[in-house]
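**Q** The lines below spell out each chain.
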Amino acid sequence: MDARFLPLFVVVPMASAFLIPLFSRLWPRFADLIANAAGAALLGLSVNGALCLFANSQVLLYHMGGWASALGITLEYDHLTALVLLAVNTVGLAALLFSVRYLDHYTGRWKFFSLFMLVLAGLNGVTITGDIFNMFVFIEISAVSSYALVAFGTDFDELEAGFKYMVIGEIGGTAILLAIALLYAKASTLNMAVVSQVMAGFGHTPLFWFIVATFLVGFAVKMAMVPFHAWLPDAHPSAPAPVSALLSGVFIKVLGVYAMSRVMFNVFGLSRANAAPLFNLLLAFGVLSIIAGGLLACAQKDYKRLLAYSSISQIGYILIGLGIGNYWGIVGALFHILAHALGKGLLFLTAGSVEHATGTRDLDKLSGLEKNMPVTAWSYLLGSLSLAGVPPFAGFFSKLFIIIGALSAKMYWLAVLAALFSTVTLGYLVKVVNKAFFGRKDLEPTPAREAPASMALAMLGLLVLTVALGIGFKPVLDKLVGPAANVLLQGLGYAQGVLGR
Amino acid sequence: MIAMFACMVLLLVGLYAVVIKRNIIRIIIGFSLVEYAVNLFFALVGFKHNGIPPIITDVAQSRSNFVDPVPQALVLTAIVIGLATTALMLALAMRIYEKYRTFDVTEIRRLKG
Chain L
1 MDARFLPLFV
11 VVPMASAFLI
21 PLFSRLWPRF
31 ADLIANAAGA
41 ALLGLSVNGA
51 LCLFANSQVL
61 LYHMGGWASA
71 LGITLEYDHL
81 TALVLLAVNT
91 VGLAALLFSV
101 RYLDHYTGRW
111 KFFSLFMLVL
121 AGLNGVTITG
131 DIFNMFVFIE
141 ISAVSSYALV
151 AFGTDFDELE
161 AGFKYMVIGE
171 IGGTAILLAI
181 ALLYAKASTL
191 NMAVVSQVMA
201 GFGHTPLFWF
211 IVATFLVGFA
221 VKMAMVPFHA
231 WLPDAHPSAP
241 APVSALLSGV
251 FIKVLGVYAM
261 SRVMFNVFGL
271 SRANAAPLFN
281 LLLAFGVLSI
291 IAGGLLACAQ
301 KDYKRLLAYS
311 SISQIGYILI
321 GLGIGNYWGI
331 VGALFHILAH
341 ALGKGLLFLT
351 AGSVEHATGT
361 RDLDKLSGLE
371 KNMPVTAWSY
381 LLGSLSLAGV
391 PPFAGFFSKL
401 FIIIGALSAK
411 MYWLAVLAAL
421 FSTVTLGYLV
431 KVVNKAFFGR
441 KDLEPTPARE
451 APASMALAML
461 GLLVLTVALG
471 IGFKPVLDKL
481 VGPAANVLLQ
491 GLGYAQGVLG
501 R
Chain R
1001 MIAMFACMVL
1011 LLVGLYAVVI
1021 KRNIIRIIIG
1031 FSLVEYAVNL
1041 FFALVGFKHN
1051 GIPPIITDVA
1061 QSRSNFVDPV
1071 PQALVLTAIV
1081 IGLATTALML
1091 ALAMRIYEKY
1101 RTFDVTEIRR
1111 LKG
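Chains L and R supply the protein sequences, listed in that same order. The numbering used here applies: residue 1 is where the first sequence begins, and numbers increase by one. The numbering used here applies: residue 1001 is where the second sequence begins, and numbers increase by one.
If you are wondering where the hints come from, they were derived from the structure by calculation, not from laboratory data. Hints are supplied without guarantee of correctness; some may be wrong.
Examples of chain L residues lying across from chain R (beta carbon under 8 Å, computed) [unchecked claim]:
id, residue
1, Phe156
2, Ala161
3, Glu170
4, Ile171
5, Phe210
Each computed DSS-like pair below joins lysine-lysine, with the alpha-carbon atoms no more than 27 Å apart [stated by the list, open to error]:
id, chain 1, residue 1, chain 2, residue 2
6, L, Lys111, R, Lys1099
7, L, Lys164, R, Lys1021
8, R, Lys1021, L, Lys186
9, R, Lys1048, L, Lys301
10, R, Lys1112, L, Lys431
11, L, Lys301, R, Lys1099
Some residues of chain R that are not near chain L, with every Cβ distance over 10 Å (derived) [what the hints assert, rightly or not]:
id, residue
12, Ala1003
13, Ile1020
14, Arg1022
15, Phe1031
16, Val1038
17, Pro1054
18, Thr1077
19, Ala1078
20, Lys1099
This one's a predicted model, so the numbers in the text were calculated from it and none came from an experiment. All residues carry an ideal CB built from backbone N, CA and C; glycine is no exception.
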């Protein structure tokens, strides 16, 4: 793959988002067809791009409209981009495949797919762009479409959650815009590579820290770190299940974690060596998220709400990985982006499958589903084992790397806490297994039918990938996650890679 | 410089409305104020006293006196995004009113825990 294909990551979903309304007038099923074809094409592009990157490990650059880096928008494709794009498009395709039958009890099929493709366009755009204002535009594209998707059911809960999500999310988006305005006032350029070179000359003045803090507030809202999390436990359960899978699986990580780490490490050149207080702050927020999210998840009775609180807790793991700031910590954080995207995407799809079959998400009303829905039950069980960090699944290795990072940074209490709270994770995830799927043999099994073939295929696909990522962690680590962590660790070296000077 | 601080005051007024007000429409107006404050701030970043439009008509003219056109272009984009978000917020507000028959956020509280 050469660099000319980079715009396709945005063009394909964007074009399909506008083709869907046109063609679905001819035949409503065109919406499914176009969306799934586009999803498959995106996954193919991501895999192809990653393989290409493994072969010659060179940063790919595309200059939009032929303008030079400092003037126009540059698209930039390195190992970190490849990793995030793989996560986004895998979960995206699984969710699209799942939607085909899941949408049977919704109206407005083409509106759903059109909005979904716009979210994908925004996520891919945020990941691939090398221009900070362009990043803001893509953040807003995906965010605005996601507000509409959260409120898609247009019932009491969905509307309340959608409005709450929208107000809080937009305050976060405006904070990012304010930070970009301040950054432009200082640096007089928008290209991230050039900005990083200009900012390197200014030193860490109070204004510099104000800009960093404003960015941090914006991204904190988008990633729902405690105490900026109030919208997530309402918004993610209210969305249709495939949207929850996309939002919890990749949305909060791309808009929050990826964008934040790109800006902090590569644009501002921050590292544990030169900004220890900031990294300690990330650690504090991470620990707070793990504890608050984990404990609140234990108290939930709603299947999807439990998973949503679990997402907050798992974001905390990614944050402490980044906050530790050494090689293993960042490797653990990035590996957890992959593991959690696959695992949480899978769990939300099983929630959709249960809701599709039984019409309820209340764990007290569900029992013995394993009898009638074996595929869903076993997908849930294995997916939750992965998230909780049971070997040999993917989640085990991400937590192991984070703990190795904490130990090598001599933060022993953090390693203990991370290990301790993975048992809490196991506790609340097994609660669902116990109540809905395998336990409570004395109760009558809830009447249900196994999910249709396409939904089961989407779940099995994610399950196979979760297991494969765990068993084959070594090549993934060597080829993808390790080099991606080095992209962040090289800090301002990013600019040299992009500008060639 | 004073104008920039005025922007920050406007931003705080908007944030106050978003956080304190109970009526959904007032929250949306507060949000619009926040947005205008940031847009105005961004436009001011490119402002110059006695500046001239950034169109080259005479090469001999002092180049240093042009206002910076980039923030203006960016603010235009931000305004369009703001239009989309405000429209969607109002659409949600209408649907909420149809369901709940009220604009009071303290009465729209079914989700908790």
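**Q** In ascending order, which of the hints set out earlier in this document are inconsistent with the structure?
**A** 5, 8, 9, 15, 16, 18, 19 and 20
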